[in-house]
Amino acid sequence: MKKLEAIIKPFKLNDVKEGLTKLGIQGMTVTEVKGFGRQRGHKEIYRGAEYQIDFVPKIKMEIVVPDSLVSDTVKVIQEKARTGDIGDGKIFVYPMEEAIRIRTGESGNDAI
Amino acid sequence: MNTGDTAFILISAALVMLMTPGLALFYGGMVRNKNVLSTIMQSFVIIAVITVEWVLWGYSMSFGPDKWGITGGLEWFGLAGVGLQPSAYASTIPHQLHMIYQCMFAVITPALITGAFAERMKFGPFLLFSILWATFIYNPLCHWIWGSGGWMAKLGVIDFAGGVAVHLSSGVAALAAAILLGKRKGHGTEEMRPHNLPMTLLGAGILWFGWFGFNAGSALSSGTLAGTAFVATHLAAATGTLGWLALEWKARGKATTLGAASGAVAGLATVTPASGFVGPISACIIGFAAGILCYWGVMAKNRFGYDDSLDVVGVHGVSGVLGLVAAGLFASKSVNPAGPDGLFFGNPKQLGIQCIAILATIVYTFILTYIFLKIIDKIFGLRVHVNDEINGLDLSQHDEKAYIL
Numbered sequence: 001m002k003k004l005e006a007i008i009k010p011f012k013l014n015d016v017k018e019g020l021t022k023l024g025i026q027g028m029t030v031t032e033v034k035g036f037g038r039q040r041g042h043k044e045i046y047r048g049a050e051y052q053i054d055f056v057p058k059i060k061m062e063i064v065v066p067d068s069l070v071s072d073t074v075k076v077i078q079e080k081a082r083t084g085d086i087g088d089g090k091i092f093v094y095p096m097e098e099a100i101r102i103r104t105g106e107s108g109n110d111a112i
Numbered sequence: 001m002n003t004g005d006t007a008f009i010l011i012s013a014a015l016v017m018l019m020t021p022g023l024a025l026f027y028g029g030m031v032r033n034k035n036v037l038s039t040i041m042q043s044f045v046i047i048a049v050i051t052v053e054w055v056l057w058g059y060s061m062s063f064g065p066d067k068w069g070i071t072g073g074l075e076w077f078g079l080a081g082v083g084l085q086p087s088a089y090a091s092t093i094p095h096q097l098h099m100i101y102q103c104m105f106a107v108i109t110p111a112l113i114t115g116a117f118a119e120r121m122k123f124g125p126f127l128l129f130s131i132l133w134a135t136f137i138y139n140p141l142c143h144w145i146w147g148s149g150g151w152m153a154k155l156g157v158i159d160f161a162g163g164v165a166v167h168l169s170s171g172v173a174a175l176a177a178a179i180l181l182g183k184r185k186g187h188g189t190e191e192m193r194p195h196n197l198p199m200t201l202l203g204a205g206i207l208w209f210g211w212f213g214f215n216a217g218s219a220l221s222s223g224t225l226a227g228t229a230f231v232a233t234h235l236a237a238a239t240g241t242l243g244w245l246a247l248e249w250k251a252r253g254k255a256t257t258l259g260a261a262s263g264a265v266a267g268l269a270t271v272t273p274a275s276g277f278v279g280p281i282s283a284c285i286i287g288f289a290a291g292i293l294c295y296w297g298v299m300a301k302n303r304f305g306y307d308d309s310l311d312v313v314g315v316h317g318v319s320g321v322l323g324l325v326a327a328g329l330f331a332s333k334s335v336n337p338a339g340p341d342g343l344f345f346g347n348p349k350q351l352g353i354q355c356i357a358i359l360a361t362i363v364y365t366f367i368l369t370y371i372f373l374k375i376i377d378k379i380f381g382l383r384v385h386v387n388d389e390i391n392g393l394d395l396s397q398h399d400e401k402a403y404i405l
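Protein chains in written order, with my numbering: chain A, 1 to 112; chain B, 1 to 405.
Check each hint, because a few of them may be wrong.
Unchecked claim - With a straight-line cut-off of 27 Å between C-alpha atoms, the simulated DSSO-like cross-links for lysine-lysine are:
{"id": "1", "chain 1": "A", "residue 1": "K80", "chain 2": "A", "residue 2": "K34"}
{"id": "2", "chain 1": "B", "residue 1": "K34", "chain 2": "A", "residue 2": "K34"}
{"id": "3", "chain 1": "A", "residue 1": "K43", "chain 2": "B", "residue 2": "K183"}
{"id": "4", "chain 1": "B", "residue 1": "K401", "chain 2": "A", "residue 2": "K34"}
{"id": "5", "chain 1": "A", "residue 1": "K2", "chain 2": "A", "residue 2": "K90"}
{"id": "6", "chain 1": "A", "residue 1": "K90", "chain 2": "A", "residue 2": "K3"}
{"id": "7", "chain 1": "B", "residue 1": "K254", "chain 2": "A", "residue 2": "K43"}
As the list claims (entries may be wrong) - For each label pair, taking beta carbons as the anchor points, the in silico distance ranges come out as:
{"id": "8", "chain 1": "B", "residue 1": "W249", "chain 2": "A", "residue 2": "R40", "range": "47 to 55 Å"}
{"id": "9", "chain 1": "A", "residue 1": "F92", "chain 2": "B", "residue 2": "F209", "range": "38 to 46 Å"}
{"id": "10", "chain 1": "A", "residue 1": "V33", "chain 2": "B", "residue 2": "I404", "range": "16 to 24 Å"}
{"id": "11", "chain 1": "A", "residue 1": "T83", "chain 2": "B", "residue 2": "W249", "range": "24 to 32 Å"}
Unchecked claim - Every beta carbon over 10 Å from chain B, so not counted as near; a handful from chain A, in silico:
{"id": "12", "residue": "V30"}
{"id": "13", "residue": "K34"}
{"id": "14", "residue": "A49"}
{"id": "15", "residue": "I53"}
{"id": "16", "residue": "V56"}
{"id": "17", "residue": "E62"}
{"id": "18", "residue": "G87"}
{"id": "19", "residue": "M96"}
{"id": "20", "residue": "G105"}
{"id": "21", "residue": "D110"}
Hints were generated in silico from the structure; no laboratory data involved. Note that the Cβ used here is the ideal one computed from N, Cα and C, for glycine as well.
Just chain B, with the same shape it has in the complex (with noise of 0.2 Å):
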């Protein structure tokens, strides 16, 4: 055991925590103001709903005693055996620490599908369908790429603090979400422009913030290591919010604030895998790829026709692609000598290993978020009535507004 570690990790925690309601505000400021509340209500809600889902099997199913590569079994259920001695994942910090900060991702990742389906999910069947897919998908993706026994792991997939678990799964889901649930209502006709961005901003700086410890924390110490995620983090963000607004700007004219808040969320979800494995120029480039790329998956969704309300898939979707490419291309173990050397470092072969990584990824939760969508939408309904979308689901779904003025 080691207090420097523990006291490290325990901040990470409280840092990672705060990103869901920092995204509440992210995407709050984004709908029109009389969906406002239900939108970081969903959030705000997960937060609460994926820590008991948590403790009671999904720590256990994602980090628990292996079965065939595949999940974790429930031999941990209801933290069973997961006391304060320190466990094979971090050796110098408590077993509970290793759980409770795991919990935080846990909770953001299904909060950051709630941007796909924005303005028009009723809340009921949102709630099921969010313990469903960290049961059913989440919990298995971290097996396989964190938990001991693993098959991404044991192929030797790198992905440091979240491609494949939080931002490709989220924007996979988000797909999947925004194309069975449809159009929101005057999508196309009417106007739907941001109603706070001010909030939005906010939302932006505070996810920015909680990174450094989503991604140093994830050295599950404190020393080089998290250094180098620390700062790969914070050039990423400030790159990718470079790279965003320099497209925009010459492709519209203008530099905007959303453009500058999308871009630094783009960078900081795009060196999410890489941010241990890369040294500070590698990060400064993956950030400035992750902001035009990212300009252009937002851009897709016009062509493609699907209403993704907060760009989930262009977000975090590209970027969970983008990202784990980037660490088999950046990867160096000059920077960390513990992970693999990348294509550009002599390894070509780590490339195949984390596009393997990706596909699976991306079909394994597309099938599965689909299916799980298709079944609650027959039993109870996804879409409020259009009358309840009409006048806000603030309204029809929580009985509240947002700004009585």
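The following block holds chain A by itself, in its conformation from the complex (with noise of 0.2 Å):
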């Protein structure tokens, strides 16, 4: 088991989940995060007061998804997040030691 954890930019949420959905991924986490990379943010201007706006709201996906699954996560979350332009996102890939399901006590893989 692996945990993936994808910062993506927002309007490309929905192109992702439907991509992972495909791939027969059935369920994740996501949260609305801010941050800054090599994108930095923008400015911003209120009666001629500029405020540099460093931290850019992004989207953080986090999906665990079995050994033989994980190249093909990794594919398409890169495939659909993509513009081409500066500030994509990044994906990170940690390993899991455990899941379990609470309702049932199920662990592993038959977890997720």
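Starting from the two chains in their separate frames, assemble the complex, guided by the hints.
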């Protein structure tokens, strides 16, 4: 099992979700987050006062998948979330020790 | 007594009343979300507080029997003798209607000042300051310019609806308050973006709407004079918006919604003293100049380093000066035969008279405001504790939060 954490542009969320669902992935968790990488932010002006807004809104997706699906999942996210412009985001892959379904007590791949 | 005039002033009084909640939204949208309720409250509660002050002694000090041209006496304390028959101020409407119409002006003026000390002043001392300010600054100024026997009126100063008592006085008081209270914590280093600009735009719209009662109603009758002021008011608001936007677009590359709202208010405030004396084209010029000069007025605070949170000095202070000057330039007997001509219509003397009023208002208001604030600061303290400022005034002053999401 692996956990994938993807930071993507908010308007790409639906495309990515559709692509992952087609792949057979049955669940994910998303959070609205703010951050910056090389893209940096933008400026805003209020009555002539200029503000540099560094933290840009992004979506963070968390998905746990069996080892067999990791490379396909990464491929789908990369394909669907990509615009080619700076600020498309990143994918992080973590080892996952255990997963347990609360209702039944199933564990491992069965619990995903 | 005239039922048409009475009906018009009744409606005008209600329109002006609505300006203060409108101002509350205008200001409320510009502060951070932890201070929105305290900012709105500073305007809203003033409706209640100053109304009582006005009925007890405010109206008497402003419009009561003259004492040496400086103040009204206390003969009309508690509205004694202020009945339903018309007064010398308006011969076709009940005296009490004149009183309640003027009450709305007394209410909004201290509310305007609150923009200068937004996000950092304690609620109790703020109330005390507002009562003192209304009593010893608004009431005398109102008497000078509009009271029978007031020295400015006798000198021939023209101010149709509130350049002296409302806009210039609140703008100057705002400067004194911003200097004395000091900058907000984190000013210049932390983000202080307006938290809800749609709220500010809604407030500006309500102000624009209410301003018809403010200026046209100042004719104190329903007829040609009210029509003149109504037209001038709307035109100046429109050109004020355009002036601000044009300059901003050129200087910063974008026209902003906050700029549109600010320009409209600048145009409205500036045309106020001139509104019953000038024709439509003059009003357009006055509004456009207001949009440009008030934009510069707002930029000035960055140069001088005071923290006038919501730009009361830049908008109302500059408008007050500009509007009183504009009245001295653009006034025309062909528009209002009861008024004088201005410099552009062959009477340069009027401009000098207007300048005396400007100077007197600035000096009187600044000194007295500064003294009152200093005294209140010594006894009760003006500023909230630094932790209360960090947590926000909504929580620290009122035990409330605006947004539970």
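For each hint, the structure was consulted:
Note on A/K80 and A/K34: the hinted pairing holds, with a Cα-Cα distance of about 20 Å set against a maximum of 27 Å. Between the alpha carbons of B/K34 and A/K34 the distance comes to roughly 20 Å, so the proposed pair stays at or under 27 Å and holds. Only pairs whose Cα atoms come within 27 Å are accepted, and A/K43 paired with B/K183 is accepted, the gap being roughly 23 Å. With a C-alpha separation of about 24 Å, the suggested pair B/K401 and A/K34 falls inside the 27 Å cut-off, and the hint holds.
Restraint check: the Cα-Cα separation between A/K2 and A/K90 comes to about 16 Å, which is no more than 27 Å; the hinted pair holds. At most 27 Å may separate the alpha-carbon atoms for a hinted pair to count; A/K90 and A/K3 meet this at roughly 14 Å. With a C-alpha separation of about 12 Å, the suggested pair B/K254 and A/K43 falls inside the 27 Å cut-off, and the hint holds. Taking the beta carbon of each, B/W249 and A/R40 are about 25 Å apart, not inside 47 to 55 Å as hinted.
A hinted range of 38 to 46 Å is violated for the C-beta pair A/F92 and B/F209, which are about 54 Å apart. At about 22 Å, the CB distance of A/V33 to B/I404 agrees with the hint of 16 to 24 Å. About 30 Å separates the C-beta atoms of A/T83 and B/W249, a value consistent with the hinted range of 24 to 32 Å. For A/V30, the non-interface assignment is confirmed: its Cβ lies about 18 Å from the closest Cβ of chain B, beyond the 10 Å cut-off.
Every CB of chain B lies more than 10 Å from the CB of A/K34, the least distance being 13 Å, so the non-interface label holds. Here A/A49 does not stay apart from chain B, with its beta-carbon only about 7 Å from theirs, under the 10 Å limit. Under the 10 Å C-beta cut-off, the non-interface status given to A/I53 relative to chain B is violated; the minimum distance is some 8 Å. Listed as a non-interface residue, A/V56 keeps its Cβ farther than 10 Å from every Cβ of chain B; the least gap is roughly 14 Å.
In this structure A/E62 is separated from chain B by more than 10 Å, as the shortest Cβ-Cβ distance comes to about 23 Å. Listed as outside the interface, A/G87 is consistent with that label: its C-beta sits roughly 21 Å from the nearest C-beta of chain B, beyond the 10 Å cut-off. No beta-carbon of chain B is positioned within 10 Å of the beta-carbon of A/M96; the least distance is around 33 Å. Distance check for A/G105 against chain B: the nearest CB is about 36 Å away, which clears 10 Å, and the non-interface claim stands.
Once the 10 Å rule is applied to beta carbons, A/D110 is consistent with being away from chain B; the minimum gap is 38 Å.
Checked against the numbered hints above, the structure violates hints 8, 9, 14 and 15; every other hint is satisfied.
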